[in-house]
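Asks: Take a look at the letters that make up each chain.
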Amino acid sequence: MTQYAELHALTNFSFLKGASHPTEMVAMAAELRYAAIAITDECSLAGVVRAHEEAKRRQIQLIVGAELRCEDGLTVVALVQSRLGYGRLSRLITKARRAAPKGSYLLRRDDLWELTACLLLWIPDHEINLSDGEWLRTRFNGRLWIAAELHGLGNDDTRLQRLRLAGQQLALPLTAAGGALMHCAGRKPLHDVLTAIRLITPVNQCGYALLPSSERSLREIKRLSALYPASLLAESVAIAQRCAFSLDELRYEYPRELVPANHTPASWLRQLTYEGVAYRWPNGVTEEALALIEHELQLIRELQYEPYFLTVHDLVREARARGILCQGRGSAANSAVCFALGVTAVDPSRQQVLFERFISKERAEPPDIDIDFEHERREEIIQYIYDKYGRHRAGLAATVICYRQRSALRDVGKALGLDPLQIERLILALTRRPASTVIDQKQWLAEAGFDPESRTIQQVMLLSNELRGFPRHLSQHVGGFVIAADTLEDLVPVENAAMVDRTVIQWDKDDLESLGLLKVDVLALGILSAIRKALQYHNAWYRKELTLATIPAEDPETYQMIQRADTIGVFQIESRAQMSMLPRLKPERLYDLVVEVAIVRPGPIQGDMVHPYLRRREGTEAVDYPSEAVRGVLERTLGVPIFQEQVMQLAVVAAGFTPGEADQLRRAMAAWRKEGNLGPFRAKLLDGLRTRGYPEDFAERLFRQIEGFGEYGFPESHAASFALLAYSSAWLKCHAPAEFTAAIINSLPMGFYAPAQLVRDARDHGVEVRPVDVTHSHWDCTLEPDQLQRPALRLGMRLVQGLSKTGVERIVTARSSAAFSSAQDLAARARLNRRDLEALAAANALAPLTGNRHQAAWSLAGVKDDAPLFQHLSVEEATPILRVPTEGQNISADYGSTGLTLRRHPLALLRERFIRRQIHTAQSLRDLQTHTHVRIAGLVLIRQSPGTAHNTTFMTLEDETGVVNVIIWETVATKYRKPFLQSQLLEVGGRVQHEKGVMHVIAEDLVDRSPWLGKLRAPARDFR
Amino acid sequence: MKSVQLPLIPPAPEKRRPNASPRILSVVPPPTGPAPAPIVRRRRAIWLALHFPDWPLRAALSALSAAERAILEAQPLAVVDGDRRSTVLACNVAATTFGIRAGHSLNAAIALSADVQFLPRNSAQEIQLLNEVAGQCQQYTSSVSPQPPNEIALEVRGSLRLFGGLNNFVERIRQDFHRRGFAPQLAMSPTVHSSLWLSRVAKEPTIVGPRDLIRSLSRLPVNALLWPSEVELRLARFGVLTIGDLLRLPRGGLARRIGYERLTELDAAVGRHPEVRRYFASAETYEDRVPLDFEIETTGLLGVILEKSLKRLQLFLTRRSLSVDCIRIALRHREQASTPVTLGLARPTADMQHVTELMREQLARVQLPSPVSALSITVQQLHPAPKATQELFGTAGSSEATAARADAQARLLEQLRSRLGQTSVSSLQSRADYRPERAHAPASTNMQPLTLREHLPESLAPRPLWLLSQPYDVRPAAHRTLRKQSLSAPERIESGWWDDDFCVRDYHRVTSPLGALGWVYRDRLHSGQWRLHGLFG
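Just so you know, the sequences run in chain order X and B. Numbering follows the working numbering, in which position 720 of the first sequence is assigned residue number 731; successive positions increment by one, without gaps. Numbering follows the working numbering, in which position 154 of the second sequence is assigned residue number 205; successive positions increment by one, without gaps.
Hints are computed from structural coordinates only; laboratory data are not their basis. The structure presented is a predicted model; accordingly, all values stated were derived computationally and were not measured. The beta-carbon is built from N, C-alpha and C at its ideal position, and this holds for glycine as well. Be aware that one or more of the hints could be misleading.
[As the list claims (entries may be wrong)] Cβ-Cβ distance ranges computed for the label pairs, FRET-style: (1) Ala111/X / Val282/B: 45 to 51 angstroms; (2) Leu210/X / Gln126/B: 49 to 55 angstroms; (3) Gln126/B / Arg44/X: 56 to 62 angstroms; (4) Arg417/X / Glu222/B: 50 to 56 angstroms; (5) Asn550/X / Gly133/B: 39 to 45 angstroms; (6) Arg267/X / Gly133/B: 47 to 53 angstroms; (7) Cys413/X / Pro171/B: 27 to 33 angstroms; (8) Pro213/X / Arg152/B: 30 to 36 angstroms; (9) Arg152/B / Gln454/X: 28 to 34 angstroms; (10) Gln571/X / Pro171/B: 44 to 50 angstroms; (11) Pro213/X / Gln126/B: 45 to 51 angstroms.
Go ahead and model the full structure; you've got the sequences and the hints to work with.
Replies: Here it is as structure tokens:
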């Protein structure tokens, strides 16, 4: 039988050129019984790892290669023969990519010289330029072929003749090759669309830029035999046989400098661990903890993971030296070793988390530790990594940005000539609601005024579906670093990122994982900044030395506050949904917070795990287990699977998955929304459960839960670390409210709440809050002693909109030498420009110097921008006749400038009107019975429509006495669409509902009262 | 006088000028530049301002056909700007009932109602429509000043008596517009600025005399001035809400804070500073009527007379440096509808000698139904004169030659069409399309000279010169022979899925028994039918 190896195939990682996924290419090549397939994307290896996995599964030889187009037009395909050749190709690609802006490359002919241990195919143009061939032959003789690519253009025979003649003249052999751009002929329309997107021209105007036919797909060998002489097909196989490289040969070597000369990695890790033990357990370590540490060290040793722990330790040590708060999380982070190394502050003896649950011997899966750093200072750590290991050894993993429904519809719509307005309507019609059936879609299309049966609409739907999931470009991962022992470029090509001075490697997180390469995630987390600052303020005020690890554990007062859902500003448990859960879940120890953090997420909610768990916790439902094995897995969560790890363990103990299969399941879970291929797992899981005697409904429920987890599944290992931060921030809020509020405002933007709510909450907790004042405020919020010598919160000038930080710095410096005598004095000595002065005046921060804000604004506005101000301000002017600001105007201006007011709440001004309309205050609502009909009104703080809540919207309304949570069903939202969408001040008629300590109002009608606010601008934030 | 270096910010003028009036509302000319001449109190003007709300909607609709308009107007409808947010500029009543209003983003509007229809803004049409309306206003007064985008100011003092006094006049205009389907907001006052500002808030027609001017203006909110938002913001920070607040402020101080031009604008509005207005001139057309002393029965004689008329046109054009691309000649008869002769030109020209030749060609083909008693020449649209090639160096020769060649080609076409009729001559155009039957097509209406812009890629096999307009079915019996006879590797074409002509074909070159070289294809979409599509020379 004739054999063939495809030596030239591009995938969709040659962005907008290839029209098939690497996996599709490989799978098709296997199906067509090719001897091998080369994935040769244009100057890129970004798709080879995926191809490699598929090739292993399909048992077909994969050749790694790349199509290389020199700037002078010379085009070759390089095929890797060995590890050496791979390194050379990777380095060449790096060089070409680094020489050009993101997304492009620049290759010079002479650069090709570096390609040792690679085979080359020359792809001549239509005009066969013999001198090019000659040039190549002198350098690559013996490993150079002329690629004959015949694409059914009507002159294939003459083309072949001319290529043969060229081969004779140059004494070069010919081989057949496909130059495939898609895996099957059916992708031709999508390829046309990709061309149209690339040229930014509608398909019907792309003309000869399109392919004439689908011949550039993987073709049947039978058809190839009709096109090519057998000798050329045989040659392709011979070439493939000379390429013996497999990506499995890549072995990651850790950086060596972390281990001192007289140590092995194991002995060094042991030493560091025990140094940490002495520090963590100053009063002597318990037997139990010691045993745990020894056990873990043993496991690490067996798996040779020491260098990984050393790498992580190095980063954490550096952060600590710089005073940057950080915490590790992830499978290996919550171990006694990590506690000792300072990677985490979670004392392993405080929780039920077992190290072995995260690292298993059977799975050759590398440990996974994400380290969160203060969001404002993470960049310092990134720069430290670059400095320590050098840019040639450290690189950020890529994130492959893929087409999603929205972007696919937009680009396909444009390519098919829809006008931009139509496209936006189409997108809105299709994306506003959750995933659905084809019939639903048709109905929505019809509602939006499209004919779902029209050819164009059908084509847009079909092609945009095909395009979904196609990679668009490589972006940088949020913080996944790969550090190589020698040169990173020999391992994977490196290219420029969009940010200056940033580079990314061509592989993403999953690619690295499938090759078993290790990466360290260096992430940014706002709450760490806030906690560090709060601790700093608190320690300074009370002369203490509290740290994240020494915050008093399991403090009952803190848990009481949490149980009241008094958690504005507290990490993770401050959202509307979390708050409504707290009074029911009543957390009383850290592990309850671990569950709380993980359970209020789309995954568990969709998988219907929340209510069973709550019932079991309240004792209204019996806790039972279908088997002892399952009890082992689920006991700590009362028989309800809540964490990702539990699902995987269940698959192993109850359905007979191997750990490796369970791991594949985990990855499929993460990707199923994108690719939707849980099918094979479903069958295997249900089968496995059935044969082990589990009831059908248990099996079905488990699978539904797995689906629900999807990409939102939350691992216990992460929840544990987050819970500690939640507890720590709650403790600070409980015992140091002024410090805590200052710290959060000084770390904004972060969390859920705007300064207005944070300040209001602080005042509710008895903190005195003082306004922004140019004679007292700094950039950040500061603490001043109140009458009882407790800290009072002085708002910082960072809250003033439009004020420059440098201006504030000059104010503070000038103020330190002498107090300001007047606004003129301030302007002159702090050298402020008009913008800054106007901003200060608008915030009423000049009140002590100038009187009311209108006068301040007037007296400061008469100054020319950036001109020296001193002399002009002293010009005497006629006194203007200005209105005195009313209370309403002041409130409105306060909101406008700083987003909050310390005056009365705007609704207090309107209360009389509300009383006439018999509208309740938030406070008076608490005493009402369930089902009482009430009318309430308030500023809309938050509108939240979680995707999981079946088109229910949660709104938070605020009046002068507090907040009310309103639930708006879809029918009400539709009926009162206008007030629902537009109100800043909303009046709601509805019924009170008390449920287990949580109170809502279920809305029945809505009235927009925004006009009553007049010019008052209230901050509203919409959350999706 | 010694020249003095002026400081960046001039010192407060009210202190330095001894003769400045102590009243707050005194006139202080801007200190930079020469002081304006004292205002000569001429007859006071009276201005009428027309403010057209929802102008973008109006204009966008007016660009549509009546049928389209009727369909759209029945639905909620909004006009959106071309900016990134696609801001709604105006919407109809049906749309406002859904809560949509100007200033919303496109997405917000769709969120309020999925049924809203959208029209893109048509700025050109807005201006054109405003000019049209301004043209119609010339019936009331000759002083018409359009104020884009959506306002017109008329100086009407002279017209008042003509139309029966102030109130009647306003009512008359209101009704006139009402009849034409417009509902402008009307305001009458002694200055352009004030009339415009008043009209922006005038729900009812407003008439303000000189004595009430300041009082009326004082009540207006500052946003009626349509000053940039940063100025509005600044004023809001001073607590300034109305024009009255503004007028109360010290002038020098105010000018420093919002700019002297704005102070001048305020002054102009209250009549303390002269206003400069650009008046409206209607677009020109050309019409030349030639009554004949005697009736003419032959076209030959007509030609001679027309030649003279065309010379007059030539003079008109050169003086104004204009050109024409279409000239309509009407030959009027005593008792019959006139005979039209239209001279369409490939490109605008001012060269009447060429036009005269064309006219003779055309006239020769005209059959006169009865004697001609008068004739007229009209040009509906005048264009700016085409620029002559004026390159001095280098490429001048070649580009001139190209221009000359294009000119010659155009003239040849015009002549051919004059002789054979407008529709009998058309040019072939090649198009970039793999489907052979679509790769060439007659260029439709416009007289593009024949150029080959889109060449078939070199890598493709050559195509036959003679393409059958309808492919010819080959008998099934001959299929096998055809397949054997194929002279070359087939050419595969799979293209056109995006329109009604999806084509999936394999083309072969074959020789017929008679030795002709044919181009046949197998239609892979339609059960492999073989068809003959062309013949090689």
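Asks: Now tell me, hint by hint, if it's right for this structure.
Replies: These are the hints, each one checked on the structure:
1. Ala111/X / Val282/B: 45 to 51 angstroms: 46 angstroms, holds
2. Leu210/X / Gln126/B: 49 to 55 angstroms: 36 angstroms, violated
3. Gln126/B / Arg44/X: 56 to 62 angstroms: For Gln126/B and Arg44/X the Cβ distance comes to about 59 angstroms; the hint holds.
4. Arg417/X / Glu222/B: 50 to 56 angstroms: The hint (50 to 56 angstroms, Cβ to Cβ) holds, given that Arg417/X and Glu222/B are roughly 55 angstroms apart.
5. Asn550/X / Gly133/B: 39 to 45 angstroms: About 57 angstroms separates the Cβ atoms of Asn550/X and Gly133/B, which means 39 to 45 angstroms is violated.
6. Arg267/X / Gly133/B: 47 to 53 angstroms: 60 angstroms, violated
7. Cys413/X / Pro171/B: 27 to 33 angstroms: Taking Cβ atoms as reference, Cys413/X and Pro171/B lie about 31 angstroms apart, which means the hint holds.
8. Pro213/X / Arg152/B: 30 to 36 angstroms: 34 angstroms, holds
9. Arg152/B / Gln454/X: 28 to 34 angstroms: 29 angstroms, holds
10. Gln571/X / Pro171/B: 44 to 50 angstroms: 60 angstroms, violated
11. Pro213/X / Gln126/B: 45 to 51 angstroms: About 27 angstroms separates the Cβ atoms of Pro213/X and Gln126/B, which means 45 to 51 angstroms is violated.
Of the numbered hints given earlier, the model fails hints 2, 5, 6, 10, 11; all others are met.
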